[in-house]
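The numbering of the sequence shown is my numbering, which starts it at 3 and goes up by one.
Some hints here could point you the wrong way.
[Stated by the list, open to error] Straight line, CA to CA, 27 Å or less: simulated DSS-like cross-link-like pairs of lysine-lysine:
(1) 52 / 148
(2) 42 / 136
(3) 137 / 77
[Claimed, not checked] Just the calculated beta-carbon pair ranges, DEER-fashion:
(4) 115 / 48: 57 to 65 Å
(5) 74 / 141: 28 to 36 Å
(6) 50 / 81: 37 to 45 Å
(7) 61 / 32: 21 to 29 Å
(8) 48 / 14: 18 to 26 Å
(9) 156 / 93: 38 to 46 Å
(10) 145 / 104: 17 to 25 Å
Rather than coming from a laboratory, the hints here were simulated on the basis of the structure. Predicted, not measured: the structure shown is a model, and the values here were computed from it. Just so it is clear, CB atoms sit at the ideal spot from N, CA and C, and this is done for glycine as well.
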Amino acid sequence: MEEIIELLAILLVIGGVCIALPLVILLLTNKRKNHEIDKKTEILMALLEKNPDLDPAEVLDKLDMSSEDGKKSLKERLLEKLLGGCICTLIGIVLFFTHLFGFVFLGDKTTGVVGGGVLTAIGIALIIYYLVSKKMLQNEIATEEKRMTEQQISE
């Protein structure tokens, strides 16, 4: 009887983490995006009612520039990839070696070694992505930084 309860508890945790959590994240993300679209539509309609001679495309461009996603520069997004890569690599290496040498057993030894290897591989892939992107997008990053400093000076 205890084994059945333990199995149900494990299935409940796995179901919650693997099914319910992603659905909740998806739901909240879509709700936030819909709210942003509604706000932009409301602002656009109010502007067009007050000033009918405004160009809607120009107003939409200005509204898109002020969105939350536009605030992060290319360099900041690349640095986030680097941070994620470093964290995954570090956790993967620790998990791999602790299970390999038997210091910590969180379940089966093979699971810890494989999980650590996978996390290490993901982390290394993110670090490689950062290095390659930084080299390829060097000119775009410089242009974006120059544009941002010009905007700060003009304000």
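Quiz item: Does the Cβ-Cβ separation between residue 145 and residue 104 fall within 17 to 25 Å?
Solution: Violated: the Cβ-Cβ distance is about 52 Å, outside 17 to 25 Å.
Exercise. Starting from the hint 28 to 36 Å, judge whether the C-beta atoms of residue 74 and residue 141 obey it.
Key: violated (19 Å)
Practice problem: With a cut-off of 27 Å on the C-alpha distance, tell me whether residue 42 and residue 136 pass. | Solution: Violated, because 33 Å separates the two Cα atoms, which is more than 27 Å.
Exercise. Decide if the proposed pair is consistent with the structure: residue 52 and residue 148, CA atoms, cutoff 27 Å inclusive.
Key: Roughly 35 Å separates the two Cα atoms, so the pair is violated.
Practice problem: Take a quick look at whether residue 137 and residue 77 sit within 27 Å of each other, Cα to Cα. | Solution: holds (12 Å)
Quiz prompt | Distance restraint hint 18 to 26 Å, applied to the beta-carbon atoms of residue 48 and residue 14 | solution = violated (48 Å)
Practice problem: Go ahead and decide if the range 21 to 29 Å is satisfied by the Cβ distance of residue 61 to residue 32. | Solution: Roughly 25 Å apart at Cβ, these two residues keep to the hinted range, so it holds.
Self-check item: Range hint 57 to 65 Å (beta carbons of residue 115 and residue 48) holds or violated
Solution: holds (60 Å)
Quiz prompt | Hint check for residue 81 and residue 50 - Cβ pair distance inside 37 to 45 Å | solution = holds (39 Å)
Quiz item: Can the suggested window of 38 to 46 Å be confirmed for the beta-carbon pair residue 156 and residue 93?
Solution: holds (44 Å)
Comparing the model with each earlier hint shows violations of hints 1, 2, 5, 8, 10; every other hint is respected.
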